[in-house]
Amino acid sequence: MEVSDRIPESASARGSASGPRKAPGSARKERRSLLYPGLIVVVIITQIPFLLTIYLSLQSWNIIRPDLGRRFVGLGNYTREIFSAEFGTILVQTLGLAAMSLALCSLIGLGLALLLNRDFFAKGLVQTLLVTPFFIMPTVTGLIWKNELFSPNFGLVTWFAGLIGLEGFNPMAQQPLLMVATMVAWQWEPLFMLVLLAGLSAIPEEEKEAARLDGCGRLGVFRHIELPHLLPYYRMVILLGSIFILQVFGEIYVGTAGGPGTSSMNLQYLTFQTGLVGWQVGAASAIGVATLVITIAILTTLLRTMNAVVKEGA
Amino acid sequence: MSSVPAQTKEKSPTPWGHYLQNAVLYLAVVVIFGPIFWLIVTGFKTDAAAYTLPPQILFTPTLEQYVSALQSFWGPFFNSLVIVGASTIICLLLGIPAAFALSFYANPRNESIVFWFITTKALPLAAVLTPLFVIFRYLRLLDTPWALIIVFTGMNTPIVVWMMYQFMKDLPKEILEAAQVDGVKLWQMLFQIIIPLTRAGIASTAMLCVIFAWNEFLFSVSFTAIEWQPLSVAVAAQQSARGQFWAQLSAFTTLAIIVPVIVGWLTQKQLVRGLTSGAIK
Amino acid sequence: MAVRDIREGKKFTRGQVLRMGGALAAGSMATPWLSACGGSGGASGGDLAGTTLTVATVSNSQMEDMESLVGDFTDKTGIEVRFLFLPENDLRQRVTQDVAMKAGNFDIVTIGSYDTPFWGRYQWTVPLAPFFQRMSPAEKKEYDLEDLLEPIRTILSYEGRLFAVPFYAESSMLFYRKDLFEKAGLKMPVHPKWEQVSGFAKQLHDPDGGVHGMILRGLPGWGANMAPFATFINTFGGRWYNEDWEPQLTTPEFKEAVRVYSDLVTQYGQPGATSDNFPECENLFASGDGAMWYDATSAAGYLSDPETSEVADQLGFAYGPTGTTPRGAHWLWSWALGIESSSRNQDAAFEFIKWATSKEYIQLVGKELGWVRVPPGTRRSTYEDTKYKGNPWADIELESINTASPEQPTVDPVPYTGVQYIGIPEFQQLGDEVGRSLASVLAGDMSIDEMAQQSQQQALEIARQGQYLKS
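Residue numbers (our numbering), protein chains in the order written: chain W, 18 to 331; chain S, 9 to 289; chain E, 136 to 606.
Rather than coming from a laboratory, the hints here were simulated on the basis of the structure.
Treat the hints with care, since some could be wrong.
If you want a taste of the chain E side facing chain S, the calculated C-beta under 8 Å gives, among others [said to hold, decoys possible]: (1) L219; (2) F241; (3) R256.
All values reported here derive from a predicted model rather than from experimental measurement.
Every residue gets a Cβ at the ideal spot worked out from N, C-alpha and C, and that includes glycine.
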């Protein structure tokens, strides 16, 4: 971030012919008055429940066993839930799911953006239709996958697979995590597509002309001009997407219910399972706090990595 | 060096390359939009027809499913409109000035604050559900629109801050500095310069807020009963014990997704435009 | 259906919409207006007309029928009723949250026989005896509490006190296709054994001809695949825990139960069984996809209705098959109506649940919707005095309910009650976990021994966590 472009709060207002004439304190006050309402509201709405969650994570509280009451157990929830094999497996699944979804979105979004970055017949309609999955409710997506497309007895794709000779076609049971990834990718590739399309259309035509004159083929133009230009766009959409993709719930809830076994569960679903099916609020809170820490670590790493990639590509 | 005008899109050197690319795109539309199209179409079938294989493409359409779906549609639809509309407006009112403050005034903490906003979204919803339920029950806000409005505001304001920050970060400084020299007051600058300049960004950010709130399920089902049941819950309620993908469920679902889809269709160009004007660097 | 209007609550005129939209933007006027209208405006007892009740219920067809007929109730009492329908899992989660935190969003809830005893224990639903006592002698005679089947009343009670009235009840039975059996020259005994059934399944299994030998639930869930599977555990001589709450899931009896179940599913079952719960199985069998189906007796009506079932004329019924012992071979379940203790309209609510479980209601359904749609399994009079007894499955259904023995579901003594579930709150979690393991076996991802080991471990965890096991 180029700090020099900003209006420095403590800059001396005197003597600079083109600089702003402002007393240093008032800029700070202005900033505060703009920032604080939003900041304070978000703090209240998110941090108070969060503090409660931390408090509850140190308790053992089973809502449907009021006879057992609520007792303080210190870090007992953490040691039992977090350091279990199941948590580790589900963590790996969460990461794998996110990685697969992001990879699919990045590739499909790029492909579609490249194809859309031209003029052709019915372009507006095509783009509009391709964008639609993003606006579908995640629970509806789960229904579409589970019943309409891949139901072992009535699904469209199952029927089609039967036509071409595939028997026992049941990917929702055989490759559940991959199927969840396809659901997530279907829902999120429109965002990738749009952002990358914006990036592509921002590239000056002259640069591409120059590259072509230098002898670059289509692939060369892509590698040397388009891809580097897209890096900041990728950074933005991958970060934005990750926040949500790490936490997908609706698709899993309706589509596979975390199964078979626990093979398509992610951390978000595990928290739900523990807290709202098993009614172990303390344990679920502990899992939630752990998930938070892990998610922030992932986001930070992603941010740093992508910043480095962008800087390198510029 | 203002925003880049629309580029002439390149045409592929060979005509069949052009048609091939078109064909791939049309195929992509079938694969990607197909399931939604099938959903809409199934709503026009009778229950028996909806479930036969091979899938019936030609059939006598009936409106009975949509008529029946509409009867239980309007209540939840209105609830969703109120809840989502109110929370989106509040998010924009809180988030846009905040984003402006973070992008305009130099401060070493700005980037961290933006990042902090995003991290508020990292806590699993299921973990905060019970504490929130307890709080809302104590405040007697259950089955009122306010519980969800508050929750959605907390969920989406960070998005507004983050996205608008990206859009505002690279606004041309000269205009703003000139305005300051001219003695333009802060709020005027915000409303008369910044917001018009970032109109596309605001539209697309609002679109995201609407989509995320409209489609949310877990909080929606927990904090409402009947009076304020939003559409996302009503869709789930349509699944009767016999319901898999019956025609009525399809009809209801189609009705339920109309608003987000149309909002999305209208604003998708805004998103592209907002991002194209050099906002990402 | 004519009376569906009640479900969506309020209808707003355009003017109201605009006004409320404007008010909301100002942010002040909307809330008091909206909370004043449509709230539970019950007065201080006495005059109940004009009250509005809120019912949270599963979206089963019998409940939907109840909603369609509720005009009868409103006409008689002047009390309005609104329904919240949700799929069972969502409903249970929503309602449990509500009662546990005493939020009072609902007046009446449908609860299963599984939940009722501990909800009663925790005073989440009100004991109904005081309400029954307050009825006039004429009302008592008309309602006839004793007419409700004894085993059902027992499972809906805690320490002898009734906490919910049954809306419908079921056991489990074997449905089979008489036409397919005739064609193959086979005869189904009235009390079959699983061994025989497996034999039949093998002979009738014809996937190319579109018929699978045996349809069974495979979807993981304590109320999904665990329901039939738990009866397997019982009838092959196994049990979940011994009297000291030590898990018994690695015994040869348990493994035998798993073996028989998974063999049936993997060899003669429908493809993708691990996605199939009751509705999917019912749909398959009704479209002629299976030769036999073992599941709830409450499906009999749907299967016998030519409007919904293609095999309505070919139905045969048999008792739930047995393994090495008839104990616990068929289950017992009831969906019942209870009154939330934080409800502010308990008297009005009682009127409603009285109406919905009365003899008159049964007659009403029979006349208006047909005798195959009557909510089954609750009253002796349904089986003796009404046209319901003309249904071919009625005898088996009644007998199964009467002999299900939830207090002694297994050969060896156990510290819990319940046939296809254990009457502890933690069973939801345990049942879900074991159900998932079972699904893995059905999908071929896990061996029976592995599954037994894992289930044993999970059962141990639960016993310790819930402080049943003193270890």
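Hints, verified against the model:
Hint on E/L219 holds. Least Cβ distance to chain S is approximately 5 Å, under the 8 Å limit. Hint on E/F241 holds. Least Cβ distance to chain S is approximately 6 Å, under the 8 Å limit. For E/R256, the suggested interface contact is broken, since its CB lies about 21 Å from the closest CB of chain S, more than 8 Å.
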